[in-house]
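With the hints as constraints, model all of the structure from the sequences given.
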Amino acid sequence: MAKKFVFEPVEAVDPLTGEKRLLSAKEQEEMLERGILVSNPKKTDRGETEK
Amino acid sequence: MSQEAGIEATFFGSPDYVPTKSEGGGVWRERQERGILPDAQERFNKTLEGRGWRQITELADGSRLPTLDEWVELRIENRRGTKFFPCFVEDGAGEVFFVKTQAGNNQGDLDSLRREATILRGFNEMGYPSPKFYEYGEPGEETLAFIKLEPIRPEQGRVAAASEWREDHAVEAMRLIRQTEETPLTNLPEELKEMEVFQSEIKVTEVMTDLARRAGKYLSEGTKDRLKNLAGEGGEVRTVIAHGDMTLKNIVIGWNGEVMPVDFELAKRGFLGQDAGKLLTGLRGNREVFGRALEAYLNNGKGEIDEERLRALMVGMATENLVHLVSRVEYYGEGMSEEIRGEVAAFGERVEDALKIREAIKPEPN
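Residue numbers (numbering that gives the first Met the number 0), protein chains in the order written: chain A, 0 to 50; chain B, 0 to 365.
Wrong hints could be hidden among the right ones.
[Unchecked claim] Below, simulated BS3-like cross-link-like pairs (lysine-lysine); rule was C-alpha separation at most 25 Å, straight line:
{"#": "1", "chain 1": "A", "residue 1": "LYS42", "chain 2": "B", "residue 2": "LYS131"}
{"#": "2", "chain 1": "B", "residue 1": "LYS131", "chain 2": "A", "residue 2": "LYS41"}
{"#": "3", "chain 1": "B", "residue 1": "LYS45", "chain 2": "B", "residue 2": "LYS216"}
{"#": "4", "chain 1": "A", "residue 1": "LYS19", "chain 2": "B", "residue 2": "LYS248"}
{"#": "5", "chain 1": "A", "residue 1": "LYS25", "chain 2": "A", "residue 2": "LYS41"}
{"#": "6", "chain 1": "B", "residue 1": "LYS131", "chain 2": "B", "residue 2": "LYS223"}
{"#": "7", "chain 1": "B", "residue 1": "LYS227", "chain 2": "B", "residue 2": "LYS361"}
{"#": "8", "chain 1": "A", "residue 1": "LYS42", "chain 2": "A", "residue 2": "LYS19"}
{"#": "9", "chain 1": "B", "residue 1": "LYS227", "chain 2": "B", "residue 2": "LYS45"}
{"#": "10", "chain 1": "B", "residue 1": "LYS202", "chain 2": "B", "residue 2": "LYS223"}
{"#": "11", "chain 1": "A", "residue 1": "LYS25", "chain 2": "B", "residue 2": "LYS248"}
{"#": "12", "chain 1": "B", "residue 1": "LYS301", "chain 2": "B", "residue 2": "LYS223"}
{"#": "13", "chain 1": "A", "residue 1": "LYS41", "chain 2": "B", "residue 2": "LYS45"}
{"#": "14", "chain 1": "A", "residue 1": "LYS41", "chain 2": "A", "residue 2": "LYS19"}
{"#": "15", "chain 1": "B", "residue 1": "LYS216", "chain 2": "B", "residue 2": "LYS227"}
[What the hints assert, rightly or not] Which residues of chain A face chain B? A few of them, derived with a C-beta cut under 10 Å, are:
{"#": "16", "residue": "PHE6"}
{"#": "17", "residue": "PRO14"}
{"#": "18", "residue": "LEU15"}
{"#": "19", "residue": "GLY17"}
{"#": "20", "residue": "LEU22"}
{"#": "21", "residue": "LYS25"}
{"#": "22", "residue": "GLU28"}
{"#": "23", "residue": "ASN39"}
{"#": "24", "residue": "PRO40"}
{"#": "25", "residue": "LYS41"}
Just so you know, the hints here were simulated from the structure itself, not pulled from any lab data. For glycine and all other residues, C-beta sits at the position ideal for the given N, C-alpha and C.
As structure tokens, then:
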């Protein structure tokens, strides 16, 4: 079993206000459930994201 | 499916609904009780590897996304549904996708995922502003079932609370709902026409009348009479194409007024006013936007009130709240707690609100 996962509040640019704000754990979870990325994937060597 | 089961599925069929009396008892025991495959994570890895994909677990801002096993644990701890799990993957070319996968072996859930895939493909074909559907994967002996969709980028928009909705969002959402309602069922793609959910026809005024009776003492006789009058005023409410779960949580809104509904699991042949009623129920905390949304839905394009929609909307709003009220009354009976009693009273008040809105717009004839 993987280590227990807990969302940490993260700072993100709000698409509705254009301002940076903290996204709560619940908010992040609800966004992800609906196919909304909280932030863009990390850019790396492989394609656009980390290997 | 009976009408009653149909209407309850309309409102309670969401993957997040968990029976309130389920008992906890350790994540692993509960995993088993919920039918989560013990090797779900391994199967998911094989599902991805077989296609040359990998799960994205790290984002540019440093936040980490849960693995499948971590999602399962999170949902169990939070007493949430475990039918499907959201993951993001990238293919060999670095393209990012949203993957919704099933970690259990429940046949009903699998049917639901297949149904959603078919609906999404059909809605894409009709030009509905839904996320782009790419692929449905059948489960194998060592792999999991999934649907692959276009992800929604963070800059595109987000789900918002009623207080954050603007009038332009409300107008656009109602335009989309009206347009969908006016799309003839004969225009549905063939594979949707063949689906049971687009064939069965709900008789919502009959359901409303039955629910009002079953509410017993928790709804006043005066309210029951007004509902009976509302039902008796016209024929059965017209059936139309409906999203089926148009709550605020299932709508992504953007800065430029864009509105994109998500989660099409409950799309069906619904009834006129069903989607608008659900959306308005969610917006009721924001009086200005609520009023603008109501006006946008009811305006027949000539500055007049669309009488058919007004009646249908109120039938729908009353019925939705009656479903919630009656399900609690019948589940808990006389032994309901103060908290549940309060919820029942609140649903009763919302039934009253629907009747009041209608009477305010169109006074009852003396």
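So, going through the hints one by one against the coordinates:
no. : hint                : result
1   : LYS42/A - LYS131/B  : holds, 23 Å
2   : LYS131/B - LYS41/A  : holds, 23 Å
3   : LYS45/B - LYS216/B  : violated, 55 Å
4   : LYS19/A - LYS248/B  : holds, 21 Å
5   : LYS25/A - LYS41/A   : holds, 22 Å
6   : LYS131/B - LYS223/B : violated, 44 Å
7   : LYS227/B - LYS361/B : holds, 17 Å
8   : LYS42/A - LYS19/A   : holds, 21 Å
9   : LYS227/B - LYS45/B  : violated, 57 Å
10  : LYS202/B - LYS223/B : holds, 18 Å
11  : LYS25/A - LYS248/B  : holds, 12 Å
12  : LYS301/B - LYS223/B : violated, 34 Å
13  : LYS41/A - LYS45/B   : holds, 23 Å
14  : LYS41/A - LYS19/A   : holds, 19 Å
15  : LYS216/B - LYS227/B : holds, 16 Å
16  : PHE6                : holds, 8 Å
17  : PRO14               : holds, 5 Å
18  : LEU15               : holds, 6 Å
19  : GLY17               : holds, 7 Å
20  : LEU22               : holds, 9 Å
21  : LYS25               : holds, 9 Å
22  : GLU28               : holds, 7 Å
23  : ASN39               : holds, 5 Å
24  : PRO40               : holds, 5 Å
25  : LYS41               : holds, 5 Å
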